[in-house]
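2 protein chains.
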Amino acid sequence: MERRGFLQTSFAVAAAGLAPVTALRLPRRRLMRRPDTAPVPAKSPIRLSSNENPLGLSDAARTAIAEGLDEANRYPGEWRRRLVAALATKHQVKPEQIVLGNGSTEVLQMVVQSAGADATVIVADPTFEDVPRYAERIGVRVEKVPLASGYTHDLTRMQDIAARAAGPVLVYLCNPNNPTGTLTPAADVDRWIASAPERVTFAVDEAYFEYASGPSYWSAQKWIETHPNVMVVRTFSKIYAMAGMRLGYAIGHPAAAERLERFSAGNNANQLALAAGLASLGDDAFAQKSLAVNREGLQALYRCLEELDLEYLPSQTNFVMHRIHGDLATYNARMREHGILVGRPFPPMLAFSRVSVGLPEEMRVFTEALRSFRQQGWV
Amino acid sequence: MERRGFLQTSFAVAAAGLAPVTALRLPRRRLMRRPDTAPVPAKSPIRLSSNENPLGLSDAARTAIAEGLDEANRYPGEWRRRLVAALATKHQVKPEQIVLGNGSTEVLQMVVQSAGADATVIVADPTFEDVPRYAERIGVRVEKVPLASGYTHDLTRMQDIAARAAGPVLVYLCNPNNPTGTLTPAADVDRWIASAPERVTFAVDEAYFEYASGPSYWSAQKWIETHPNVMVVRTFSKIYAMAGMRLGYAIGHPAAAERLERFSAGNNANQLALAAGLASLGDDAFAQKSLAVNREGLQALYRCLEELDLEYLPSQTNFVMHRIHGDLATYNARMREHGILVGRPFPPMLAFSRVSVGLPEEMRVFTEALRSFRQQGWV
Numbered sequence: 001m002e003r004r005g006f007l008q009t010s011f012a013v014a015a016a017g018l019a020p021v022t023a024l025r026l027p028r029r030r031l032m033r034r035p036d037t038a039p040v041p042a043k044s045p046i047r048l049s050s051n052e053n054p055l056g057l058s059d060a061a062r063t064a065i066a067e068g069l070d071e072a073n074r075y076p077g078e079w080r081r082r083l084v085a086a087l088a089t090k091h092q093v094k095p096e097q098i099v100l101g102n103g104s105t106e107v108l109q110m111v112v113q114s115a116g117a118d119a120t121v122i123v124a125d126p127t128f129e130d131v132p133r134y135a136e137r138i139g140v141r142v143e144k145v146p147l148a149s150g151y152t153h154d155l156t157r158m159q160d161i162a163a164r165a166a167g168p169v170l171v172y173l174c175n176p177n178n179p180t181g182t183l184t185p186a187a188d189v190d191r192w193i194a195s196a197p198e199r200v201t202f203a204v205d206e207a208y209f210e211y212a213s214g215p216s217y218w219s220a221q222k223w224i225e226t227h228p229n230v231m232v233v234r235t236f237s238k239i240y241a242m243a244g245m246r247l248g249y250a251i252g253h254p255a256a257a258e259r260l261e262r263f264s265a266g267n268n269a270n271q272l273a274l275a276a277g278l279a280s281l282g283d284d285a286f287a288q289k290s291l292a293v294n295r296e297g298l299q300a301l302y303r304c305l306e307e308l309d310l311e312y313l314p315s316q317t318n319f320v321m322h323r324i325h326g327d328l329a330t331y332n333a334r335m336r337e338h339g340i341l342v343g344r345p346f347p348p349m350l351a352f353s354r355v356s357v358g359l360p361e362e363m364r365v366f367t368e369a370l371r372s373f374r375q376q377g378w379v
Numbered sequence: 001m002e003r004r005g006f007l008q009t010s011f012a013v014a015a016a017g018l019a020p021v022t023a024l025r026l027p028r029r030r031l032m033r034r035p036d037t038a039p040v041p042a043k044s045p046i047r048l049s050s051n052e053n054p055l056g057l058s059d060a061a062r063t064a065i066a067e068g069l070d071e072a073n074r075y076p077g078e079w080r081r082r083l084v085a086a087l088a089t090k091h092q093v094k095p096e097q098i099v100l101g102n103g104s105t106e107v108l109q110m111v112v113q114s115a116g117a118d119a120t121v122i123v124a125d126p127t128f129e130d131v132p133r134y135a136e137r138i139g140v141r142v143e144k145v146p147l148a149s150g151y152t153h154d155l156t157r158m159q160d161i162a163a164r165a166a167g168p169v170l171v172y173l174c175n176p177n178n179p180t181g182t183l184t185p186a187a188d189v190d191r192w193i194a195s196a197p198e199r200v201t202f203a204v205d206e207a208y209f210e211y212a213s214g215p216s217y218w219s220a221q222k223w224i225e226t227h228p229n230v231m232v233v234r235t236f237s238k239i240y241a242m243a244g245m246r247l248g249y250a251i252g253h254p255a256a257a258e259r260l261e262r263f264s265a266g267n268n269a270n271q272l273a274l275a276a277g278l279a280s281l282g283d284d285a286f287a288q289k290s291l292a293v294n295r296e297g298l299q300a301l302y303r304c305l306e307e308l309d310l311e312y313l314p315s316q317t318n319f320v321m322h323r324i325h326g327d328l329a330t331y332n333a334r335m336r337e338h339g340i341l342v343g344r345p346f347p348p349m350l351a352f353s354r355v356s357v358g359l360p361e362e363m364r365v366f367t368e369a370l371r372s373f374r375q376q377g378w379v
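Chains as they are written, first to last, in our numbering: chain A, 1 to 379; chain B, 1 to 379.
No lab work stands behind these hints, which were simulated from the structure alone. The reader is advised that the hints may include incorrect statements.
[Stated by the list, open to error] Some chain B residues flagged as far from chain A (calculated, every beta-carbon gap over 10 Å):
id: 1; residue: A72
id: 2; residue: E106
id: 3; residue: A117
id: 4; residue: Y151
id: 5; residue: G244
id: 6; residue: G266
id: 7; residue: A329
id: 8; residue: T330
id: 9; residue: R336
[Claimed, not checked] Straight line, CA to CA, 25 Å or less: simulated SDA-like cross-link-like pairs of lysine to any residue:
id: 10; chain 1: A; residue 1: K94; chain 2: B; residue 2: R137
id: 11; chain 1: A; residue 1: K144; chain 2: A; residue 2: K289
id: 12; chain 1: B; residue 1: K94; chain 2: A; residue 2: R137
id: 13; chain 1: B; residue 1: K144; chain 2: B; residue 2: E198
id: 14; chain 1: B; residue 1: K289; chain 2: A; residue 2: D70
id: 15; chain 1: A; residue 1: K289; chain 2: A; residue 2: R199
id: 16; chain 1: B; residue 1: K289; chain 2: B; residue 2: R47
id: 17; chain 1: B; residue 1: K144; chain 2: A; residue 2: R164
id: 18; chain 1: A; residue 1: K222; chain 2: A; residue 2: R157
id: 19; chain 1: A; residue 1: K289; chain 2: B; residue 2: D70
id: 20; chain 1: B; residue 1: K289; chain 2: B; residue 2: L55
id: 21; chain 1: B; residue 1: K90; chain 2: B; residue 2: I193
id: 22; chain 1: B; residue 1: K144; chain 2: A; residue 2: R262
id: 23; chain 1: A; residue 1: K144; chain 2: B; residue 2: E261
id: 24; chain 1: A; residue 1: K90; chain 2: A; residue 2: G116
id: 25; chain 1: B; residue 1: K222; chain 2: B; residue 2: R47
id: 26; chain 1: B; residue 1: K144; chain 2: A; residue 2: K289
id: 27; chain 1: B; residue 1: K94; chain 2: B; residue 2: E258
id: 28; chain 1: B; residue 1: K144; chain 2: B; residue 2: T156
id: 29; chain 1: A; residue 1: K94; chain 2: A; residue 2: D70
id: 30; chain 1: A; residue 1: K144; chain 2: B; residue 2: R262
id: 31; chain 1: A; residue 1: K289; chain 2: A; residue 2: R262
id: 32; chain 1: A; residue 1: K144; chain 2: B; residue 2: G266
Glycine residues also receive a C-beta, built at the ideal position from the N, C-alpha and C atoms.
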């Protein structure tokens, strides 16, 4: 990408200059308002409902978008090649081992479709809903296995079901798991993969990989060179704050990638997302800032929940699943009246609410609302 | 979308100010260079290969993107609802009759997948390749029917094949047709649709609808209210210059839309594309400018081709299919050496090249190159 003279550069500077706007926005939404006053207008709620990164696009991504605008009338083939090459370098694989998706959800759709109509899809309950949803709407059989104690995947029971299933099996492991924020020990996952027959395929969704830590967690990428039945799924939506841009990918054996590509839409990542993704990949400072803001938000949430004696699941992600007392729909409606959106119901965990980590100011508004709910006897 | 104060506005102004850059870019690519001098660097060829709109994004789209950047970290559900509502108004249908796609190609993939594994897909030869490609890679049977005289779809022969096929049939009609730029009379299409049994489904791809004119052409949209087996496919890639943004849609009966949605990826249009699409829909001046630039380019191409006595197909699109003498691969390579990309081979029409309409300066470079090729005895 060559720069194209003064106007182009001044545009990029203006774009980079946008960063302060993100901060300016907050007072305009009256985040400091006390929750017992009139609700904020329904138009501008605080969104703690979709595990979005509250920082907004990084300056690097904004600049890349501004610089890419002059090519947005062109099909993005060259941009695809560049991002695939960068991802191959990052993950130390060959370019043909990367499958781009229009968000990681399109990759999950490819995973389900490539499993075949006669497959059995085995998922945790609860887990991220997209895989069972894609399967059910095309008539593929889904087996939902309740989480084990500690909210880990019940790998023993999942393995039993896989062993008894006739035909191909697709195992979906969201690790860390959404909506619980909990880890399933990677060593346990490894044990199953190592012993699984070829007809059992694993899709390990690592959307929240960057947020997780600790000695029991590592990526399933270690398997892909030797195991075409293992696919690892990643996203730019979380750590890179690109949920609106739609960019995700799979990493796998070349044979696994080829299997998925049969179900991908042509040109399935848009040019500005590819440009922003390329810029974000090199932006460690932004990733670190995302983690720091998330840590601060988690601590604020934990303090409040402990103070109110509301059980919560310590999180390895950018959200927290916590108990509420009373009806979940009523709770969600009241939060909405207070200008705050929290997570949808995740059956069967209907005594819990999922709240995403926002900016410090947003966490203050949320925790004040929760405290006021307690004063009213609502939680 | 409320504006968010001075910085935001100045950013929008900077974005709007980008328009002159598009014009400024041309001299930097040395478009005025004579084709017999050294080739332009491979990095910045003139792209006349993918039927892209050479104007670049409209000012309205650029402004909408700039204004939307602050929300690009959020899932784009609300933007989807707004664009669907605007499209429903434009086409005078209900919102549930619009299916968004990540480009119209994802809609075409949904069309193929929803036809079912036992379907017969009937397409012209040559036509836009995505439908047969999506079908073939998942093992769905494809019947290719050579174009009739005048390069129209051979509806009689296609209808014969449909009648003889066992099971469901998907008929793909690209009208105007890519790569020939020719129309199939809408009255003929209507006659078939009116008499077709329910097991025959029609996907009418109107990607170039806005470029076509004349009394024999109209949209197939007239059928959708009464015929759930008819789907009309449109794109923002061409008239709105958004190929890199990835935005297209289907219009159909609510039952047709529901059938397609089973195969759509979640959140399948990105937030900046939705914002740019919304802005573009209201921008008649840009659409008119696109048509004017296209008309000028077509006239320049026609003049040159007539002067060189090279047969061409009068175009109802933003590209022209014209005869060359000699080997197509050699011709394409020579054009590339001259810094010009033209269309890929479209078998069986290997005596023809497809050239997309560019800016006036780009047309001048191309026609000068073609004239110099004639002087060398190459075409």
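Hint numbers contradicted by this structure: 1, 2, 3, 5, 6, 11, 15, 17, 24, 25, 26, 29, 31
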